[in-house]
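Residue numbers (the working numbering), protein chains in the order written: chain D, 65 to 446; chain U, 65 to 446; chain Z, 65 to 446; chain E, 65 to 446.
Hints are supplied without guarantee of correctness; some may be wrong.
[Stated by the list, open to error] No farther apart than 20 angstroms at their CA atoms in a straight line, the calculated lysine to any residue pairs in the SDA-like style are these:
no.: 1; chain 1: E; residue 1: K210; chain 2: Z; residue 2: D278
no.: 2; chain 1: U; residue 1: K277; chain 2: E; residue 2: S439
no.: 3; chain 1: D; residue 1: K438; chain 2: Z; residue 2: D278
[Claimed, not checked] From the derived model, a few chain Z residues whose C-beta atoms are all more than 10 angstroms from chain E:
no.: 4; residue: R102
no.: 5; residue: K210
no.: 6; residue: L245
no.: 7; residue: K407
no.: 8; residue: S441
no.: 9; residue: W442
Simulated from the structure, these hints should not be mistaken for laboratory data. Cβ coordinates follow ideal geometry from the N, Cα and C atoms, glycine included.
Number of protein chains: 4
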Amino acid sequence: MGEKKEIRIGLIGRGLMGKMHANAYSRIGNFFPDLEYRPVLQTVCSRNEEKVKEFAETWGFNSYETDWKKVVERDDIDAIDICTPNNMHAEIAIAAAEAGKIILCEKPLSSDFEEAKKMVEVVDKSGVPNTVWYNYRRVPAVTLAKQIVDSGKLGKIFHYRANFLQDWTISPELPQGGDALWRLDVDAAGSGVTGDLLAHCIDTAIWINGGIKDVSAVTETFVKERVHQDSGEVQKVGIDDASIFHCHFSNGSLGLFEATRYARGHKALYTFEINGEHASIRWDLHDMHRLEYFDHSDESVVRGWRSIHVSDGDQPYMDRWWIPGTNIGYEHSFIHQAADFFKSLEEGEEAAGPTFKDALETEKVCNAVLKSAKSRSWEDVK
Amino acid sequence: MGEKKEIRIGLIGRGLMGKMHANAYSRIGNFFPDLEYRPVLQTVCSRNEEKVKEFAETWGFNSYETDWKKVVERDDIDAIDICTPNNMHAEIAIAAAEAGKIILCEKPLSSDFEEAKKMVEVVDKSGVPNTVWYNYRRVPAVTLAKQIVDSGKLGKIFHYRANFLQDWTISPELPQGGDALWRLDVDAAGSGVTGDLLAHCIDTAIWINGGIKDVSAVTETFVKERVHQDSGEVQKVGIDDASIFHCHFSNGSLGLFEATRYARGHKALYTFEINGEHASIRWDLHDMHRLEYFDHSDESVVRGWRSIHVSDGDQPYMDRWWIPGTNIGYEHSFIHQAADFFKSLEEGEEAAGPTFKDALETEKVCNAVLKSAKSRSWEDVK
Amino acid sequence: MGEKKEIRIGLIGRGLMGKMHANAYSRIGNFFPDLEYRPVLQTVCSRNEEKVKEFAETWGFNSYETDWKKVVERDDIDAIDICTPNNMHAEIAIAAAEAGKIILCEKPLSSDFEEAKKMVEVVDKSGVPNTVWYNYRRVPAVTLAKQIVDSGKLGKIFHYRANFLQDWTISPELPQGGDALWRLDVDAAGSGVTGDLLAHCIDTAIWINGGIKDVSAVTETFVKERVHQDSGEVQKVGIDDASIFHCHFSNGSLGLFEATRYARGHKALYTFEINGEHASIRWDLHDMHRLEYFDHSDESVVRGWRSIHVSDGDQPYMDRWWIPGTNIGYEHSFIHQAADFFKSLEEGEEAAGPTFKDALETEKVCNAVLKSAKSRSWEDVK
Amino acid sequence: MGEKKEIRIGLIGRGLMGKMHANAYSRIGNFFPDLEYRPVLQTVCSRNEEKVKEFAETWGFNSYETDWKKVVERDDIDAIDICTPNNMHAEIAIAAAEAGKIILCEKPLSSDFEEAKKMVEVVDKSGVPNTVWYNYRRVPAVTLAKQIVDSGKLGKIFHYRANFLQDWTISPELPQGGDALWRLDVDAAGSGVTGDLLAHCIDTAIWINGGIKDVSAVTETFVKERVHQDSGEVQKVGIDDASIFHCHFSNGSLGLFEATRYARGHKALYTFEINGEHASIRWDLHDMHRLEYFDHSDESVVRGWRSIHVSDGDQPYMDRWWIPGTNIGYEHSFIHQAADFFKSLEEGEEAAGPTFKDALETEKVCNAVLKSAKSRSWEDVK
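Pulled out of the complex, with its shape left as it was, chain D reads as follows:
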């Protein structure tokens, strides 16, 4: 590591997530001044020199690079943060691990399941602290949901259901590929909504409700051909536009999951609900501060779903922010994840999850989902 207490970050990628992570690192000092470790924006890397230079200036990075390999090689870099398209995650992560760097990687682990397994193997062997940016765990209302379930308030769990609904790719005129639309290009992304949206639902589900045993899935590609943004050629669409599955959790509950980019009217409606013997919980990203909670032990005539505005100082993370009743945003979940990660370094414990190993569990489910959709049969998660 660099000088005392500083973690010098090498950020690879300057897209939406590059910006998001740069923001997270910048906020740590203001809102988590008690942490021993402090991220330093040492370098940012992207192939387009003009743009990466501008990004570095806007965000105050000390330098910039255009070749990620240089970043990994630099001695003045302590941590590599991977924000590239999915198909580059594995190569970078493995190189970073071999160079002994701390690794923070965007989700999903990889565009390819076999590569994902190899990443975890190499990273684990290297012993470097590592995490994957499944940021929704750190939305205060979601963290509170986890705490409520862990407290035992729900009792035996019967059902877990989640969906992630978007509508931005409905137009067949939308191209695929290139810088902006790599998520629609199967070569860059590996899969469609399964890796992009469903993976979030699965990570949260495993975190809150435990492991998934087997899945039965169906996927669909509604728009079969799109023009490639760079080449202008009409190509077959290789990604899944929608992905649905039901499953058994290890705890005996039934799961129901759906992700799609064809649900007209939903910008980014990530919701989940958990039904237990004694209580239930539900959450919705569009009103992300609100956790709904039903407690059957309430007196019967005044029993109902409680609409909890998670913004008080005794609710997760909210002691760091403003006043009860006021909201924080999407970006704050990333700030919380970064803070938790640096805190875990300081405490010498296992890195704050999800680690690469945890994220592999999600990859396993995604892989089983895609396999089941092809085989038209149940697939075990393994």
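Let chain D serve as the given structure and place chains U, Z and E on it in line with the hints.
Below, chains U, Z and E without anything else, positioned relative to chain D:
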């Protein structure tokens, strides 16, 4: 009274409320078979013979009349139900009382405050059972609100606020007066939204939160002239289109009330909210089965407004209906009021409220509101 | 048929649905006075003489019976309404058809798929008018949803999802079987939530979105043993407590369905959502008057889900009821179905659906669901 | 001004708003990199040296002070940001204006109306750019509301209603005064909820709906005595705990306002609704991203309140942030206000509002409200 257990009804008026009350009487036997008294649809009265005949047939009345005085005189009538425009209430009620008939009168008591006082005096002196159809008291969620407040769960009350918002008279092309639009004609109605909508809010408020001491009000007539539906002549509009007031309740809480027919987007949004030291309640007619309840004694991290779907057998009136989670409608509040009224006759107690005397308390507030709007000063309720 | 214009009803069963249908027949005259046919409450049948007598009195039936076969044989009965447990539907319906009676049958068609097919065959051959009480089609907001989809406003459909969530059987102490709890007894009910709740979701889905081609399902029985209510013996539970499936519709859209009685906090949350190319719709039984509608052709900066309170005179069925902004209830969907059925008789058209033939399509899906849950593979609907 | 393009800030006060403004200045560079002016955190001032030093370190200020007069005197300060208790605003602002500093002042202008008038006079005369932090104008959904009204979509306005409900001072055990609770101390705050909460409602109202002509108000102090936090002595409570008024706007619409800290269940429920001839709008701080909009010109059967999640790039400010469907927070409204202010400097126009002059209009209404509550009569706003 007529033969054993039967209450032979003489219904005067065949408009919306005439239909509503006929329906209420018809349902009693099916859903409250345990009551000793049973209403009989003996006669219905309206000046238009063709229409009243058709109404009598549709609803199964044994006869019809075109002169309300005949109804009051008939020996085979036990109860007079007044569903005429407001300006006829007093004369009919007084005649009915003098003839010893039970009286059920639509709200508000009268188009004129002085007449209302006289009605109550005569009716009280006559000793006949009497009630005024402030039906919202018998919406199960509203009844539950009353029970919760009476239980003391709210503690000291700080605030009561209510509004009744509609938007059906915004167009200046809408005529006033005549059969259908007498509510817009100050001669027939006495006032505009004050007597029509605000009166409902006030009745519920007094019932739940006790008496009102003084008021400061403002009213407005947005459309100054309308064509009269019958004559076709352009007339000055005499009613209040909007009526707003704040007040002190006897228990020290502050009240805030608003009624209007110029709130674009609201068909009949009657809502109220009560804030107490320990708990709060709110309700909304558009989702009338739902009572929202906040209890500060809930554990802090999972505290929130409870959304109670009032439809279980242990919630008011719902043991008479279907199954938990299913709804009843607007009409059922009238069925409940009728049932409670007949039950009270059977038990020989004071008639189930609101009685004429109770309704006069609402008239007093309405009168003070209209007076305050004119005087531009606080007015005591007396 | 009996005397001119009268349809003399023989109602078999006096449980929740017996009461519901008796109520529907009683309201027709008041709210649909224009219909030529008028139901007459001729007889009601149940094995318990004391109770059926009381029921007949409460509802004003002209007679009662304790043996359903007598009802079918009576010359003064024009229509048989079947409200028994599911395992008796087939025998009664077949006898009624053979006796030339009009048939109104509670859903699902039968506890047994083979019997259901035979019922349809016999009833079709007999030529008697027939209908199955899938009442949700006649909730005004649901009817409006159908009209919106039929208008083409949604364009190509991508997704249909529905669930029916209850929580009343979570306690293992709850017995099964007997008069009150036959829905938990596999012998009487045939299946658990699949036939009870999922069948409603499927009927609405087929009505609005067309046929289902194939399904992949999972079911679960959370409580494995219960005491029988009558015998007091501990028995194996044979029903499905939860039933989940995804499917392909003939129009290429993906379906996702779930029903359970183990979703703590939900009394009877039947919801559905349809996502089309241009617009989407969703509905929820707990707020049954509200239809949510998203129209992508709205100007982008003010585009959002519209919350439509379906209660105006130009919205389905609402011209029969009260005033805009006021609600009707669960029972009214049955009144509407009865009215539509009698109207269809009058017009000499095919009986207002769902007919037995329509209902068989739902049975086919239910059968495929139960089969798929066992085979753990996709099953075609046939 | 200091060196080219830099605005060197002297922040006075390190409470909630001090932190909020420091945050706003820190974000400008990242999210508004196109602005010519860039705030520099030059110094922060507070009487407690230990705490202000820590604050300066956490937020990266170049220096700190303990005497505000020094800040105003310093040549290396271009702008004074006033975040002190209300009773110090006037003196500081006047000194800053006289020293030719840009002024950014927390709301309300002053604890005293006469002082407020003098502040505006001096500041105006000095010609320094100035603004008051009525931040809610820059919540994207609120800005959109303003744009919709300005577009004429609502037509003639009939009603404006707003409330700001909190519940944090209900306990009589809560002390008043001192560093943390100066808002409860009439000497420091000037008034209670009128200046603290109602002022926000009034600023937004005037901005969107134009000037207020006259008011009729009532205020209440529910808890009459509190212990002073510093002295421990029991003191009379001088502030208003609740403040309610109705009013006439210059455009002929009726206004209804309420603020209280005694509405159990509401943390910071600031809501407003505007009803126009053709359309209506409402908003709620707890779900601050959502704007509800009703457009009567929508086709009648599918007409309803639209729930707009204001998060798309074509909606106010949202092109600066993340992706559609994701939220920003309370703090962002301050970032937007700062950005708009610096932008206005660059363009040489009048400073982005609300200016001191604009804020005085709000003070006038607050003053009339407090006066009316005492006089128990209508008061003109002047």
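Each hint, compared with the structure:
Between E/K210 and Z/D278, the direct Cα distance comes to roughly 51 angstroms. Violation of the 20 angstroms bound is thereby established for this hinted pair. In summary, the hint linking U/K277 to E/S439 is supported, as the alpha carbons are separated by about 18 angstroms, within the 20 angstroms threshold. Among the hinted pairs, D/K438 with Z/D278 is consistent with the structure: their alpha-carbon atoms are about 15 angstroms apart, no more than 20 angstroms. With 10 angstroms as the threshold on Cβ separation, the claim that Z/R102 sits away from chain E holds: the shortest Cβ distance comes to roughly 30 angstroms.
Distance to chain E confirms Z/K210 as a non-interface residue, since its nearest Cβ pair spans about 12 angstroms, more than 10 angstroms. Distance check on Z/L245: its Cβ is at least 39 angstroms (rounded) from any Cβ of chain E, clearing the 10 angstroms threshold; non-interface status holds. With a closest Cβ-Cβ approach of about 21 angstroms to chain E, Z/K407 is found to remain outside the 10 angstroms limit, as its non-interface label requires. With a closest Cβ-Cβ approach of about 36 angstroms to chain E, Z/S441 is found to remain outside the 10 angstroms limit, as its non-interface label requires.
For Z/W442, the condition that its CB be more than 10 angstroms from all CB atoms of chain E holds, with the nearest at approximately 33 angstroms.
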